[in-house]
Amino acid sequence: MKIVVCVKYVPDATGDRGFNDDGTTDRESVDSLLSELDEYAIEQALKIVESGVEAEITYLTVGPDDAKDALRKALAMGGDNAIHVNDDDIAGTDALGTSLILAKAIERAGFDLVICGMASTDASMGVVPAMLAERLGVPQVTYLDEVTVEGTTVKGGGTVKGRREGDVATELIEAALPAVVSVTDRTGEARYPSFKGIMAAKKKNVEALDLDDLGIESDQVGLSAAWSIVDTATKRPPRAKGEVVEDEGEGGVQLAGFLAAKKFI
Amino acid sequence: MRLAYTEDQELFRDTVRDFLADRCTGTDVRAAWAADSAISTRWAELAKVGVTGIVVPEEHDGLGMGDEELAAVLVETGYAALPEPLLESAVAVGLLAEFAADAGWLAEIAAGRATASVLLPGRRLAVEAAAADVLVIGLDNGDLHVTDPGACELTAHRSVDRSRKLYTVGFQPTPETLVASGAQRALARASNRGALGAAAQLLGLTRRMLDMTVDYAKQRVQRGVRIGTHQSVQHHLANVLIKLEFARPVVLRAAYSLARDLPSADRDVSMAKIYAGEAADLAARNCLQVHGAIGYTEEHDLQLFMKRAWALGTAWGDAGEHRDRIATDLLGDAPAPSTPSF
Chain A
25 MKIVVCVKYV PDATGDRGFN DDGTTDRESV DSLLSELDEY AIEQALKIVE SGVEAEITYL
85 TVGPDDAKDA LRKALAMGGD NAIHVNDDDI AGTDALGTSL ILAKAIERAG FDLVICGMAS
145 TDASMGVVPA MLAERLGVPQ VTYLDEVTVE GTTVKGGGTV KGRREGDVAT ELIEAALPAV
205 VSVTDRTGEA RYPSFKGIMA AKKKNVEALD LDDLGIESDQ VGLSAAWSIV DTATKRPPRA
265 KGEVVEDEGE GGVQLAGFLA AKKFI
Chain B
728 MRLAYTEDQE LFRDTVRDFL ADRCTGTDVR AAWAADSAIS TRWAELAKVG VTGIVVPEEH
788 DGLGMGDEEL AAVLVETGYA ALPEPLLESA VAVGLLAEFA ADAGWLAEIA AGRATASVLL
848 PGRRLAVEAA AADVLVIGLD NGDLHVTDPG ACELTAHRSV DRSRKLYTVG FQPTPETLVA
908 SGAQRALARA SNRGALGAAA QLLGLTRRML DMTVDYAKQR VQRGVRIGTH QSVQHHLANV
968 LIKLEFARPV VLRAAYSLAR DLPSADRDVS MAKIYAGEAA DLAARNCLQV HGAIGYTEEH
1028 DLQLFMKRAW ALGTAWGDAG EHRDRIATDL LGDAPAPSTP SF
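Residue numbers (the numbering used here), protein chains in the order written: chain A, 25 to 289; chain B, 728 to 1069.
In isolation and in its complexed conformation, chain A is listed as follows (with noise of 0.2 Å):
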């Protein structure tokens, strides 16, 4: 089988991360890197062929020249191949027009399940894994917490199943392949690239793809055609000095007035 994983290359969560002027996000001022969530999807295709599923599993990402550092550090975790859609005309470009060229790329390269980490680190949507099943006409299973293939064969076929633990109850789904998950950070923590994995990833093939190739106008995305845009941002303001409440046997009251007062009581 074919296992697609999806990986986003951003800019690093624990930097002083912001906005260009015209409310995209800046990647000049922080360095970038393959996302921590998407990590977790890695994991999680890297445990299904581990577990004697026979399948080739291909990274996919859309970004700049740069992004192929996520492609590379995913490859030395394992996996067989990449792919890199990489235009100047993305630039800019929302879920929905990212959706839609993720799709077209994952369409071209064939597919039995898709697997995304359950958002991305900087722009923490969540939505592109169920524009993505829609796209591909396909069933969806997001935000699983475990996830397992079986009866799959040569000719495909086969189910996913995964266990979703919501507030108030825990699902176990499951779906025919193909489909597309979504996995969260608590499916397993993610392994360390081994320096045999960093070496071999050299050898492994990244196909560069531009929107021509898949068939993508350029209308069709990029800031102008996006539906969601960032119209302004404001830096948070600093941590304001808490107050501290001096308990001379009526400290509890104190509490409880504060509280009250901000209305969490």
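One thing to keep in mind: the hints can contain errors.
Said to hold, decoys possible - List of simulated lysine-lysine pairs, DSS-like, C-alpha gap at most 25 Å:
id: 1; chain 1: A; residue 1: K179; chain 2: A; residue 2: K128
id: 2; chain 1: A; residue 1: K265; chain 2: B; residue 2: K945
id: 3; chain 1: A; residue 1: K26; chain 2: A; residue 2: K71
id: 4; chain 1: A; residue 1: K228; chain 2: B; residue 2: K775
id: 5; chain 1: A; residue 1: K259; chain 2: B; residue 2: K945
id: 6; chain 1: A; residue 1: K179; chain 2: A; residue 2: K26
id: 7; chain 1: A; residue 1: K226; chain 2: A; residue 2: K26
id: 8; chain 1: B; residue 1: K775; chain 2: A; residue 2: K71
id: 9; chain 1: A; residue 1: K185; chain 2: A; residue 2: K26
id: 10; chain 1: A; residue 1: K92; chain 2: A; residue 2: K220
id: 11; chain 1: A; residue 1: K227; chain 2: B; residue 2: K775
id: 12; chain 1: A; residue 1: K26; chain 2: A; residue 2: K128
id: 13; chain 1: A; residue 1: K227; chain 2: A; residue 2: K26
id: 14; chain 1: A; residue 1: K226; chain 2: B; residue 2: K775
id: 15; chain 1: A; residue 1: K71; chain 2: A; residue 2: K228
id: 16; chain 1: A; residue 1: K71; chain 2: A; residue 2: K92
id: 17; chain 1: A; residue 1: K265; chain 2: A; residue 2: K286
id: 18; chain 1: A; residue 1: K71; chain 2: A; residue 2: K185
id: 19; chain 1: B; residue 1: K775; chain 2: A; residue 2: K220
id: 20; chain 1: A; residue 1: K71; chain 2: A; residue 2: K220
id: 21; chain 1: A; residue 1: K128; chain 2: A; residue 2: K92
These are computed hints drawn from the structure, not numbers from a lab.
Remember, it's a predicted structure, so these values are computed and weren't measured experimentally.
Chain A is already provided as a structure; the job is to place chain B on it using the hints.
Below, chain B without anything else, positioned relative to chain A:
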């Protein structure tokens, strides 16, 4: 000569850095202080990444890399003050690979199932000799022995850095333990690897102490101002950075020379050990100064890095020994004028 990491070396470095940031915190280093041996389950995890087999030949399941890659990794293990004897194992591995490859230890070390300790001519202490599975001993006459540490009389000695478990070794050479004679050249090379590795770790330690202290100076408020805004504090830290940046290329140069067995390797390694030692020594002093009294306490992590720096400053030859080697390289064996007697 390009004194910078290759792309591969950068990726190795980043991988080890990420791993150690998770798996070798101050708390972990403290655990090694309290334990009988600093070798933990982390050794097997390091093996999975490939760290323990970095200089093990490929035919013994290692990566077959050399002193440059080893040094790049050791800078990171210094930064984290990794308590496991990675350097000592790597020095032993070099000798085992040359003279005792068939004994089976190499693949075990690469897989993280074994550790090796080493005692070279002119040295008295073997790190982790009691916990090691194999002990490699070089004698002054150029004989090389490989033995079971259990067959030696080991006496523990306390290091200033209590995560370093040091032992003197009572050892009776036998024909069975002898694996090579006339191995002076290989022993000298192993000794250079040890000194280079210590220098690389000292670079990492310097960077760590500096990073910690810069963070502290940005946070610590005294008399209403952050102490990092004082020029005198900035100077202390800038001086450490200057020493570090001077030492870095010297260590890279030494790794380059040793990896290629250049005639200048002895001198370059000694230069590296001296420069990195001076950087770490200044870092320890200035960072302690900037931290103030909190830096003296055992509860604060600074001491973990400071004491490792002190220990490594004298391990594998102190500054005096290495200056002597440089003098010999520059001036030949001409004896220094002796003190006149009247």
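For this session: For the pair we were handed, A/K26 and A/K128, check the Cα-Cα distance against 25 Å.
Result: Given pair A/K26, A/K128 holds - Cα atoms ~16 Å apart, limit 25 Å.
For this session: Given the hint that A/K26 pairs with A/K71, test it: the Cα-Cα distance must not exceed 25 Å.
Result: 14 Å, holds
Exercise. Quick one, are A/K227 and B/K775 close enough, alpha carbons at most 25 Å?
Worked result: 21 Å, holds
Exercise. Given the hinted pair A/K185 and A/K26, is their alpha-carbon gap at most 25 Å?
Worked result: 17 Å, holds
For this session: Please work out if A/K71 and A/K228 have their alpha carbons no farther apart than 25 Å.
Result: 19 Å, holds
Problem set entry | Pairwise hint evaluation, A/K185 against A/K71, where the allowed Cα distance is 25 Å at most | 14 Å, holds
Exercise. Is the straight-line distance between the alpha-carbon of B/K775 and that of A/K71 25 Å or less?
Worked result: Holds, because 16 Å separates the two Cα atoms, which is no more than 25 Å.
Problem set entry | Pair hint outcome, A/K71 versus A/K220 [Cα-Cα no greater than 25 Å] | 18 Å, holds
Exercise. Is it true that the CA of A/K226 sits at most 25 Å from the CA of A/K26?
Worked result: 21 Å, holds
For this session: Quickly compare the C-alpha distance for A/K265 and A/K286 to 25 Å and report which way the hint goes.
Result: 16 Å, holds
Problem set entry | Holds or violated: B/K775 to A/K220, with C-alpha atoms at most 25 Å apart | 10 Å, holds
For this session: Given the hint that A/K265 pairs with B/K945, test it: the Cα-Cα distance must not exceed 25 Å.
Result: 18 Å, holds
Hint violations for this structure: none, all hints satisfied.
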